[in-house]
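Visitor: Start from the sequences, fold in the hints, and give me the full structure.
Protein chains in written order, with the working numbering: chain U, 34 to 221; chain X, 34 to 221.
Treat each hint with caution, since some may be false.
You can't tell identical chains apart in this list, so a pair holds if it fits in one copy or across any two.
Unchecked claim - In silico DSSO-like links for lysine-lysine, alpha-carbon gap of 30 Å or less:
#, residue 1, residue 2
1, K206, K159
2, K159, K189
3, K206, K173
4, K136, K206
Keep in mind that the hints were calculated from the coordinates and are not lab data.
2 protein chains.
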Amino acid sequence: MARKKAVVDAKIASARDDRGVIVVATGNGKGKSSSGFGMVARALGHGMRVGIVQFVKGRIATGEEAFFRRFPEVDYHVMGEGYTWETQDRERDTRAARAAWEKARAMLEDASYQLVLLDELNIVLKHGYLSVEEVIAALKARPPLQHVVITGRAAKPALIAVADTVTEMRSVKHAFEAGVRAQKGIEL
Amino acid sequence: MARKKAVVDAKIASARDDRGVIVVATGNGKGKSSSGFGMVARALGHGMRVGIVQFVKGRIATGEEAFFRRFPEVDYHVMGEGYTWETQDRERDTRAARAAWEKARAMLEDASYQLVLLDELNIVLKHGYLSVEEVIAALKARPPLQHVVITGRAAKPALIAVADTVTEMRSVKHAFEAGVRAQKGIEL
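Guide: The following block contains the structure:
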């Protein structure tokens with residue numbers, strides 16, 4: 034344990050580049066979006082300005098939205114009002130995805146956003162509503178100190194390749210199995 | 034996709050119990066604590082009162098701490114001022130863990146806390162500074178609607194057994210490998 038820690042410390046000490054990083058949270062387990070919003074909270078604790086684009090929106094406002102919209106240093110955008118994945122209207126979905134992406138791209142061109150959270154972007158890429166090449170080009174061209182967090186299951190291998198930190202959230206056990214209804218506040 | 038979603042919807046509809054749940058985030062990857070703090074933000078968005086005990090404390094204040102201490106509806110406790118795992122002083126560590134646990138236990142006996150985050154509790158259990166039986170007994174005796182989130186790698190099997198939702202955060206790729214220094218704000 035102490036030895037492993039020392040190795041990690043040495044790696045940290047030798048890691049020299051000060052630059053923005055791309056963090057991806059993927060996998061079938063819970064906690065992907067939550068970890069993104071936790072990073073937003075941390076960034077706000079450090080006085081950063083944050084941009085958020087939520088690419089999948091349920092019918093009711095989420096707790097994160099209610100919470101983070103309170104802060105003037107957060108620019109919060111949600112894709113397509115009342116939009117759900119159940120419409121099966123591919124043209125409408127593509128239009129909504131494109132509009133949300135334009136918002137995201139503007140943030141990725143603006144160095145005043147020190148952290149940009151692109152929540153559930155992976156889902157939009159998985160469905161082919163946006164091209165992963167276009168997203169990667171915008172990520173590569175972004176301001177050098179800007180951090181980006183991308184969430185959603187089924188992250189594209191090309192996106193994983195350009196990311197700095199990738200975590201797979203793997204479901205070990207889920208409350209639905211135990212018959213617990215999705216809870217307000219915790220939203221399993 | 035649509036069919037899979039329908040199955041999940043049916044599971045949600047048939048999940049009847051309204052009760053507090055235990056969520057565990059474990060594994061060697063990033064995002065465990067962040068997901069816990071994201072759930073805190075979500076709970077605050079729903080107007081809940083939240084208790085937080087951080088069982089591992091670095092030498093400098095974290096962004097989460099700076100951020101969440103702003104809110105009167107959050108009761109934030111950090112274990113042992115200036116405490117680190119490098120002291121190798123087992124007696125002191127055990128004392129600090131015990132004091133933090135007393136704080137946590139008081140929250141687990143108080144229904145006015147609708148969500149309790151026990152950040153890095155798994156590490157303390159792994160080191161044997163607290164007994165997992167004592168922790169599980171307190172979890173089982175807590176107010177029925179209270180949610181608890183427990184983070185840290187190497188979650189004990191006995192804790193996983195009583196949890197409702199367990200996610201393993203698996204490291205796919207880490208920025209240290211790429212030579213990027215730990216970043217203020219994002220803290221990889």
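Visitor: Would you pick out the hints that fail for this structure and give their numbers low to high?
Guide: none
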